[in-house]
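*Asks:* Residue-level listing of the chains:
Protein chains: 2
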Amino acid sequence: LNVAFHTAWTNGEVWLAALRAAAPEIEFRHWPDVGDPATVDVALVWNPPRELFGGMSRLKLVQVLGAGVDALMRSEVLPAGVPIARLVDPVMSQRMAEYALYGALRFHRQFDRYEAQRQATVWQRHDHLDPPDVSVGVLGAGEIGMTAARLLQSNGYDVACWARSVRDPGPISVFAGREQLPAFLARSRVLVCLLPLTAETRGILGRETFAALPRGAFVINAARGEHVDVPALLEALDAGQLDGAMLDVFAPEPLAAESPLWRHPKVLVTPHVAGISHLATSVEYVVDQLRRFGSGEAVRNIVERERGY
Amino acid sequence: LNVAFHTAWTNGEVWLAALRAAAPEIEFRHWPDVGDPATVDVALVWNPPRELFGGMSRLKLVQVLGAGVDALMRSEVLPAGVPIARLVDPVMSQRMAEYALYGALRFHRQFDRYEAQRQATVWQRHDHLDPPDVSVGVLGAGEIGMTAARLLQSNGYDVACWARSVRDPGPISVFAGREQLPAFLARSRVLVCLLPLTAETRGILGRETFAALPRGAFVINAARGEHVDVPALLEALDAGQLDGAMLDVFAPEPLAAESPLWRHPKVLVTPHVAGISHLATSVEYVVDQLRRFGSGEAVRNIVERERGY
Numbered sequence: 029l030n031v032a033f034h035t036a037w038t039n040g041e042v043w044l045a046a047l048r049a050a051a052p053e054i055e056f057r058h059w060p061d062v063g064d065p066a067t068v069d070v071a072l073v074w075n076p077p078r079e080l081f082g083g084m085s086r087l088k089l090v091q092v093l094g095a096g097v098d099a100l101m102r103s104e105v106l107p108a109g110v111p112i113a114r115l116v117d118p119v120m121s122q123r124m125a126e127y128a129l130y131g132a133l134r135f136h137r138q139f140d141r142y143e144a145q146r147q148a149t150v151w152q153r154h155d156h157l158d159p160p161d162v163s164v165g166v167l168g169a170g171e172i173g174m175t176a177a178r179l180l181q182s183n184g185y186d187v188a189c190w191a192r193s194v195r196d197p198g199p200i201s202v203f204a205g206r207e208q209l210p211a212f213l214a215r216s217r218v219l220v221c222l223l224p225l226t227a228e229t230r231g232i233l234g235r236e237t238f239a240a241l242p243r244g245a246f247v248i249n250a251a252r253g254e255h256v257d258v259p260a261l262l263e264a265l266d267a268g269q270l271d272g273a274m275l276d277v278f279a280p281e282p283l284a285a286e287s288p289l290w291r292h293p294k295v296l297v298t299p300h301v302a303g304i305s306h307l308a309t310s311v312e313y314v315v316d317q318l319r320r321f322g323s324g325e326a327v328r329n330i331v332e333r334e335r336g337y
Numbered sequence: 029l030n031v032a033f034h035t036a037w038t039n040g041e042v043w044l045a046a047l048r049a050a051a052p053e054i055e056f057r058h059w060p061d062v063g064d065p066a067t068v069d070v071a072l073v074w075n076p077p078r079e080l081f082g083g084m085s086r087l088k089l090v091q092v093l094g095a096g097v098d099a100l101m102r103s104e105v106l107p108a109g110v111p112i113a114r115l116v117d118p119v120m121s122q123r124m125a126e127y128a129l130y131g132a133l134r135f136h137r138q139f140d141r142y143e144a145q146r147q148a149t150v151w152q153r154h155d156h157l158d159p160p161d162v163s164v165g166v167l168g169a170g171e172i173g174m175t176a177a178r179l180l181q182s183n184g185y186d187v188a189c190w191a192r193s194v195r196d197p198g199p200i201s202v203f204a205g206r207e208q209l210p211a212f213l214a215r216s217r218v219l220v221c222l223l224p225l226t227a228e229t230r231g232i233l234g235r236e237t238f239a240a241l242p243r244g245a246f247v248i249n250a251a252r253g254e255h256v257d258v259p260a261l262l263e264a265l266d267a268g269q270l271d272g273a274m275l276d277v278f279a280p281e282p283l284a285a286e287s288p289l290w291r292h293p294k295v296l297v298t299p300h301v302a303g304i305s306h307l308a309t310s311v312e313y314v315v316d317q318l319r320r321f322g323s324g325e326a327v328r329n330i331v332e333r334e335r336g337y
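Here the protein sequences line up with chains F and B, keeping their order.
Under this note's numbering, the residue at position 11 of the first sequence is numbered 39, and the numbers go up by one with no gaps.
Under this note's numbering, the residue at position 161 of the second sequence is numbered 189, and the numbers go up by one with no gaps.
Rather than coming from a laboratory, the hints here were simulated on the basis of the structure.
Check each hint, because a few of them may be wrong.
To spell it out: a stretch of chain F is covered by chain B in this simulated footprint if at least three of its residues, at any positions, have a beta carbon under 8 Å from a beta carbon of chain B; those stretches are [what the hints assert, rightly or not]:
1. 68 to 78
2. 127 to 135
3. 152 to 163
4. 235 to 249
5. 285 to 294
Ranges of calculated distance between the beta carbons of each label pair, as one might list FRET restraints [stated by the list, open to error]:
6. Gly198/F <-> Trp37/B: 36 to 46 Å
7. Pro280/B <-> Ser193/F: 40 to 50 Å
8. Glu325/F <-> Gly205/B: 20 to 30 Å
9. Ser287/B <-> Asp161/F: 30 to 40 Å
10. Arg335/F <-> Ser287/B: 13 to 23 Å
11. Trp37/B <-> Pro199/F: 49 to 59 Å
Glycine included, every Cβ here is placed at the ideal spot set by N, Cα and C.
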């Protein structure tokens, strides 16, 4: 099995070494040193450049080194007809969930105010609710969304999810489709976006959504920068419709130094760190995928191109 | 049953109304309007002034409206021989636990750095551990300490407690006594102080303790300001022995505007809000205590004066 490896990350060599150690029987070639591109079976990539797929006439699988495939789906170089598989790393999902938990605690315990008061040397107490009285709405009910919903629920929050379509109702209530979105938003004091980026979800954190939330709500975005309509967010914050936001993702990244988000008193900017990939579990997953592929078994988490994730 | 009520809080009337509504058969008198002090059976107090107990010759119980009785124990006016009962409010314990959880997340997920980077418009990612690799040590294994330990453990942290004496080993390991303190500290990347303030624990967050922690540890104090040796804390932070601190309590309060703690880049000051009392559950507890007392049953959580809590 010939695998062309590429990542835009700076620690590509570390990943490559771990992959080689975990699966000595697979030939990993560090792109662009892949020899004859026509001999490549699988491309293992993150944010591949336009020219990567050139000449890969035998390519049978693209395994992405991340949970989101939006950048690849938008790319003009995406090879037609070749299945694309996402990376589902339980540690990364848990990390995303922790980010959401931190955001919920920061908001409901008024730590956003205390962080600001500390800057201004102000000693002032604020009352707060307890988690059972804090409704959290998680946009997204996939692997990551459900992990976050479960963690928030286990910490006492009143949690619901929103998904594209109806699912098996587990211990967490799921609102489904555009019809149920207003009701879902109306109950969400804290809104956490963990959606895939698709044509349907682009800009979902916009004017209409903010207006449908309870007044004084808090928004957490750990999905994609393109989910947010930034002018609408700033307007909702300044009008008091939103009480705060914690944003991990931006379009483009890094967030420009002149962006008003950096210094807005009600916004916490973090540098795309909500779900940093975990080497060991990611490598384990990828090697399992490649072995499945090599032995003709079904590869997991294949992207449905028409829905975009 | 005649109860003299006093609190230094601004919302004493709200408490009094709730107490009267919950127990119409008990006579609550708002000090100093208690009539003949010799007819008072129980004093229900928080930070009572020197003159409160004057003339209360029939006093049989002091029920404190808080978990900590250190201020009362130090007071010269404490009536000799009268039992003192602490308030144990499960909601307050849970709130303290949430404060500790927020502190642990803030530290291990590097949010302290991101809060600072946001001030400076710096986009820089930092790697982080996952909770199973983050050892948290909780000083105190009473109601509050154990609630915090359980919440931290349920969120995946590697938790141990430290107590004055050996207890039944439950699912959380407990180190006991001065002999086991160094071993406990050596394993605590995050140290959470939830101890009662006594002669033994005063200044426990001092030079010796900080030196025994792993280098780069993080200290959370939600107990009493007198637990901290502030110059030793600042020295340990500036020397890099400690990587940060989150402090909720100070001596005296409010923390003076000129305190270096306010503006220290590695310190988050909060205004004594880790465990704000919850009216409904506190009133329920107090009424239960008073009814037990009235019917001759054992009152719970009586302070042992010689140990100080």
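*Asks:* Evaluate each hint against the coordinates.
*Replies:* Structure-based check of each hint:
With 0 residues having a Cβ less than 8 Å from any Cβ of chain B, the region 68 to 78 of chain F misses the three-residue criterion, and the hint is violated. Check on the region 127 to 135 of chain F: 5 of its residues sit with their Cβ under 8 Å from a Cβ of chain B, so the three-residue criterion for coverage holds. Coverage of the region 152 to 163 of chain F by chain B holds [criterion: at least 3 residues with CB-CB distance below 8 Å; count 7]. Coverage of the region 235 to 249 of chain F by chain B is violated in this model, with 0 residues showing a Cβ closer than 8 Å to a Cβ of that chain against a need of three.
Only residues whose C-beta sits within less than 8 Å of a C-beta in chain B count toward coverage, and the region 285 to 294 of chain F has 3 of them, enough to reach three; the restraint holds. The hint said 36 to 46 Å for the Cβ distance between Gly198/F and Trp37/B, and at roughly 43 Å that hint holds. In this structure the hint that Pro280/B and Ser193/F lie 40 to 50 Å apart at CB is violated, the actual value being about 59 Å. Checked against the hint of 20 to 30 Å, the C-beta distance between Glu325/F and Gly205/B comes to roughly 57 Å, which is inconsistent with it.
A hinted range of 30 to 40 Å holds for the C-beta pair Ser287/B and Asp161/F, which are about 34 Å apart. The given range of 13 to 23 Å is broken by Arg335/F and Ser287/B, whose C-beta atoms sit roughly 56 Å from each other. Judged by the Cβ atoms, the range 49 to 59 Å given for Trp37/B and Pro199/F is violated: they are separated by roughly 39 Å.
Going down the numbered hints, you'll see the structure goes against 1, 4, 7, 8, 10, 11, while the others check out.
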